[in-house]
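S.K.: Sequence:
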Amino acid sequence: MACLTFPLIKLRRMRLRSIAAAACGWMNWRPRLFPALILLLPVLTLAASLLIATPAFSFLPQLTSSQPDHWNLTSPTAFPIWDLNPSTSGAHISGSQSVAQVMQASFGTWTGAPNTAASVLRGPDSSVTQEKNSPSNINLICFVCSDAPFGGTETLAVTVTTTANGPGASDGHGGTTQFAGQIIKGDISFNPSTQFDTGGGTGQDLQTVATHEIGHFFGLDHSAVVRAVMFPFAPNVLTTLGYDDVAGIASLYPQGTPDVATGSISGKVTLSGSAVFGAHVFANSTTPALAFTNIRKTPIGTLTLPDGTYTISGVPPDSYLVVAEPLDLPVSDSDVSWASEFNQAKVQTNFTTRWH
386 MACLTFPLIK LRRMRLRSIA AAACGWMNWR PRLFPALILL LPVLTLAASL
436 LIATPAFSFL PQLTSSQPDH WNLTSPTAFP IWDLNPSTSG AHISGSQSVA
486 QVMQASFGTW TGAPNTAASV LRGPDSSVTQ EKNSPSNINL ICFVCSDAPF
536 GGTETLAVTV TTTANGPGAS DGHGGTTQFA GQIIKGDISF NPSTQFDTGG
586 GTGQDLQTVA THEIGHFFGL DHSAVVRAVM FPFAPNVLTT LGYDDVAGIA
636 SLYPQGTPDV ATGSISGKVT LSGSAVFGAH VFANSTTPAL AFTNIRKTPI
686 GTLTLPDGTY TISGVPPDSY LVVAEPLDLP VSDSDVSWAS EFNQAKVQTN
736 FTTRWH
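My numbering applies: residue 386 is where the sequence shown begins, and numbers increase by one.
Keep in mind that the hints were calculated from the coordinates and are not lab data.
Here a beta-carbon is modelled for each residue, glycine too, at the ideal position from N, C-alpha and C.
Careful, some of the hints might be misleading.
Stated by the list, open to error - Ranges of calculated distance between the beta carbons of each label pair, as one might list FRET restraints:
| hint | residue 1 | residue 2 | range |
| --- | --- | --- | --- |
| 1 | Phe564 | Gly585 | 43 to 49 Å |
| 2 | Thr737 | Pro691 | 18 to 24 Å |
| 3 | Leu506 | Gly586 | 25 to 31 Å |
| 4 | Gly586 | Thr737 | 41 to 47 Å |
Please model the entire structure based on the sequences and the hints provided.
M.R.: As structure tokens, then:
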């Protein structure tokens, strides 16, 4: 079925981590759950300070060995190149543009973002029609791979990435990996049962979904910022990045000299003197000032670490209200991989929203 009502449509990503070589790995996938009971406790402390720009998580990265997953853009063998299977036979796609045009535009949204050096190339078209048969040396974009782990008709698309646990492993392209978290393969499969629209047609806007999935391709996890492209539920149309998305992609692939100078906000969230893990902390501008051109102004968020600390980087000069809230819907613990990344059972939600 094609469900167009926000926020019932979900977007999913999977990750495979290589153990010693590209062919070895395990899956890291979680279904969406809806918790029915949330405990509220009264005493939450939020400390914040504005700092000079420093490398930190201003977004939710996918992690390997505590390192943010990202491509090695200097690799002569494992530079990101996407390979499209242009076939839509059996899929439900209508509209004025080809799927190739939509994918080009969607990748361009990320690579053209301010403050980032993210880059990608298009490779030769592929004839692979099953995700399980996707070779290790291509990054497949597929609209007919019905075997991909969608988990249901409500899932519009899924991204499967393979990352290295450390340096020295095969990168699947004739070279070796250089660091933990190096992405060496990324496949994106669109659910063939979903009605997609490429422009002027009917159904879910394809570029909206593609832009979100490409964020996963580059290493971004879901965001709890409702207006971010990386929010896990798809609106009808959303093809322009928000500040939160820009902060994420710029942190993974920073420019040598950024287009717009940014800083960071750091602090700690505690509950009755104890650290709060997994609180969603975001900086929300209190002015109409616009730092970026053609980027939607949104809050910039992150989740607190096990010790309760957080750093929101990529923050343009402005006045901000800093808010800490639990992941108690619309985004919940099951929508992000934060708890598993730090070997925790779940993020903490037994507190009420506070601001600073």
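S.K.: Now look at each hint and say whether the structure bears it out.
M.R.: So, going through the hints one by one against the coordinates:
At about 44 Å, the beta-carbon gap between phenylalanine 564 and glycine 585 stays in the expected band of 43 to 49 Å. For threonine 737 and proline 691, the Cβ-Cβ distance of about 21 Å falls inside the hinted range of 18 to 24 Å, so the restraint holds. The hint said 25 to 31 Å for the Cβ distance between leucine 506 and glycine 586, and at roughly 28 Å that hint holds. Checked against the given bound of 41 to 47 Å, the beta carbons of glycine 586 and threonine 737, roughly 44 Å apart, stay inside it.
Comparing the model with each earlier hint shows no violations; every hint is respected.
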